[in-house]
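Engineer: Using the sequences provided together with the hints, build the complete structure.
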Amino acid sequence: MCDSEEEYEPERKRGKANKDLQCKEKEKLARQKGKEFVSCKGLLVEAKTTGPDCNCRKKCMGNFSVEEKGSIIDNIYNGRPKNEKDTFLMGLIERYDVARHRPLTKNSKQNLSSFKYFAIKGTSRVEVCRNAYISLHAISSKVVQRLTKLVATNQSPVDMRGKSQNRGNTLDAHIVIKIDDHISSFPKKESHYSSLPVTYLDSSLTVSKMHGLFIKKHPDLKGVIKYEYYLKHFNDNYGYRFGRPQVDVCSTCEDLNTKIKSSTLNDVAKRAAVAELLVHKRRAKKFYSKMENVKNICKERNDVMAIAFDFMQNMPLPFIPVQEMFYLRKLWYYVFNIHDIGRGTSIFYTYTEGEALRGPNEVCSCLLDFINQISEEVKILYVFSDACAGQNRNHTLTRLLATLTMNGRFSVIHQFYPIRGHSFLPCDRTFSVIKRQVRRLDRIYSPNQYDDIIRNARKLNPPYEVKRLLNNQVLNFKGWWPQYFKKTCKDIENKNLTFNISKYRQLVFTQKMKGCVEASEYIDGLHHGTFRLKKQDYVELPTTAAYTGKLGINIKKIQDISKVTHYIPDEYKSFYEDILKYPTSNTADSDKDE
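Sequential numbering of the sequence shown, starting at 1, is according to full-length UniProt numbering.
Quick caveat, the hints were computed from the structure, so don't treat them as lab data.
Every residue, glycine too, gets a C-beta built ideally from N, C-alpha and C.
One or more of the hints may lead you astray.
[Said to hold, decoys possible] Quick list of simulated restraints, FRET-style, between CB atoms:
no.	residue 1	residue 2	range
1	ARG468	LYS435	15 to 23 Å
2	LYS435	ASP220	37 to 45 Å
3	LYS459	SER208	29 to 37 Å
4	ARG429	ASN302	18 to 26 Å
5	ASP442	GLY390	30 to 38 Å
[What the hints assert, rightly or not] In silico lysine-lysine, PhoX-like type, Cα no more than 25 Å apart, as pairs:
no.	residue 1	residue 2
6	LYS24	LYS41
7	LYS285	LYS261
8	LYS58	LYS69
9	LYS563	LYS216
10	LYS281	LYS261
11	LYS459	LYS299
12	LYS116	LYS59
Structural biologist: Here you go:
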């Protein structure tokens, strides 16, 4: 609770301040503290003070000084909730059986209980009369009547204010069902990077748009279901979010900053958190410092190359401004970027859902194709990527890099992973350039249009290079490496240390130590382990395709695509006609690849 009504400010996330709510909360707080306030209706309510003298024979009020009377008022009106205040007042009332009953008349009732009243004076209880009890505690006789009834029946006080069961304005059940059916009709995606499942709606949707679509679908409810009610029902009954999950937020930074700002921790704990945050940020900065240093080396030497690679956020097909598209599942267009850090050039590998997935097979196939195009003069390779386990930080990619040094293509390969939440790559800059170009268009029907947008997104030379990744060009790297490499291995010197790729942020592969990897927990760390991955000295790269044909697309997505083919111009319809011939699956949910 705040110490004064001026300090209170209702917490809100966005939108306009609720002035009525602020007024009611201030009134409630002032009433609990017994202070003077102006009600929401503009009426002045005076502060709670001791009432008039009791005028009884014992002169109960005269036994209390002015300071003691003020202490009683402060003790009652100290901001405690109504139920606690009533419980305290009930503790100052004692019930007794009536010792002598008067003769009953025709209209009188027999009293079974009598009561004694007390007040706190210093550290002891003093018996007072009923009028003094009312006056000292600044309450009304109705309150005493209610409290004595609770004491007589041995019940606890229950605050029933604001719990009226009046349902005169309640909507009919069938209208609420229509709202639920409408919200459930939008396609949803579930996050798979977060520890707890989170459901996401399309990033282009908002609650305001959903309400507009609901009114368009049910025009008879236009004046009945207002936006405010739709928003409240959505927030109270659904935990859906819009757009992609924010997986690049550093949890360590958030946790340590919260500790530093905490009012419950002592100075020693805060200093420890400050030191830990400083070390954490220095380790995170190592990734970017290393990238900048390598960039300068690449400009000076022709035998050194540094690359960064990442997947772009999935883009939908078709992309058209039709409200019906909000209810339908789209076909995803995948973009994989490899950026030459030293020369500032980029190559994009593009393909659509149903041709391939977004796993290590696709990453390794694109990397191998890129490496086959660069000059044989390059012998030292630096590799930067995020630490996504399903794409970049896995056994498959590690074994490919080891093979490239074993077969003599490179003498040394350095691989770096950032700390999660500090993983901004040069690829992200190129993605932002492309997204700006995409936002300028309102209709995109085919992958070729996306390819042209990417190719022309850069105004400076050289332009971005775009290559279509075909289904048969994705090689089976996941099934290839177990034949030549071990899955688990021990450190050559320390047999108690096992190679666990998720622990390390720097890996080094050299031609001198074929089939081995030198792993450090931190970039440029002092301690590292050396692990022998190979089973044999010579390794052949895979040649078999990962997929024998087109992949299965969710049958619901195929059905949704077929519903919008009449919006597609004739020159692009052949692409969607081919998509409708793809195999279907009830279990494959390609939305999760986003």
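Engineer: Could you run down the list of hints and mark each one as holding or not?
Structural biologist: Hint-by-hint comparison with the structure:
1. For the hinted restraint 15 to 23 Å between ARG468 and LYS435, the CB-CB distance of approximately 20 Å keeps it satisfied.
2. Checked against the hint of 37 to 45 Å, the pair LYS435 and ASP220 passes, with Cβ atoms roughly 40 Å apart.
3. For LYS459 and SER208, the Cβ-Cβ distance of about 35 Å falls inside the hinted range of 29 to 37 Å, so the restraint holds.
4. Our hint of 18 to 26 Å for ARG429 and ASN302 holds, since their Cβ atoms are close to 25 Å apart.
5. A beta carbon spacing of about 33 Å between ASP442 and GLY390 agrees with the range 30 to 38 Å that was offered as a hint.
6. As the CA atoms of LYS24 and LYS41 are separated by approximately 10 Å, the hinted pair is consistent with the 25 Å bound.
7. Straight-line distance between C-alpha atoms of LYS285 and LYS261 comes to about 23 Å, which keeps the hinted pair within the 25 Å bound.
8. Distance hint between LYS58 and LYS69 is fulfilled; the C-alpha atoms sit about 17 Å from each other, no more than 25 Å.
9. Taking the CA atoms of LYS563 and LYS216, the gap is near 19 Å; set against the 25 Å cutoff, the hint holds.
10. Under the criterion of a C-alpha separation no larger than 25 Å, the hint pairing LYS281 with LYS261 is consistent with the structure, at around 18 Å.
11. Proximity of LYS459 to LYS299 is assessed by CA-CA distance (about 22 Å); at most 25 Å being required, the pair is judged to hold.
12. Distance check on the hinted pair: LYS116 and LYS59 sit about 16 Å apart at the alpha-carbon level, within 25 Å; holds.
The structure agrees with every numbered hint stated previously.
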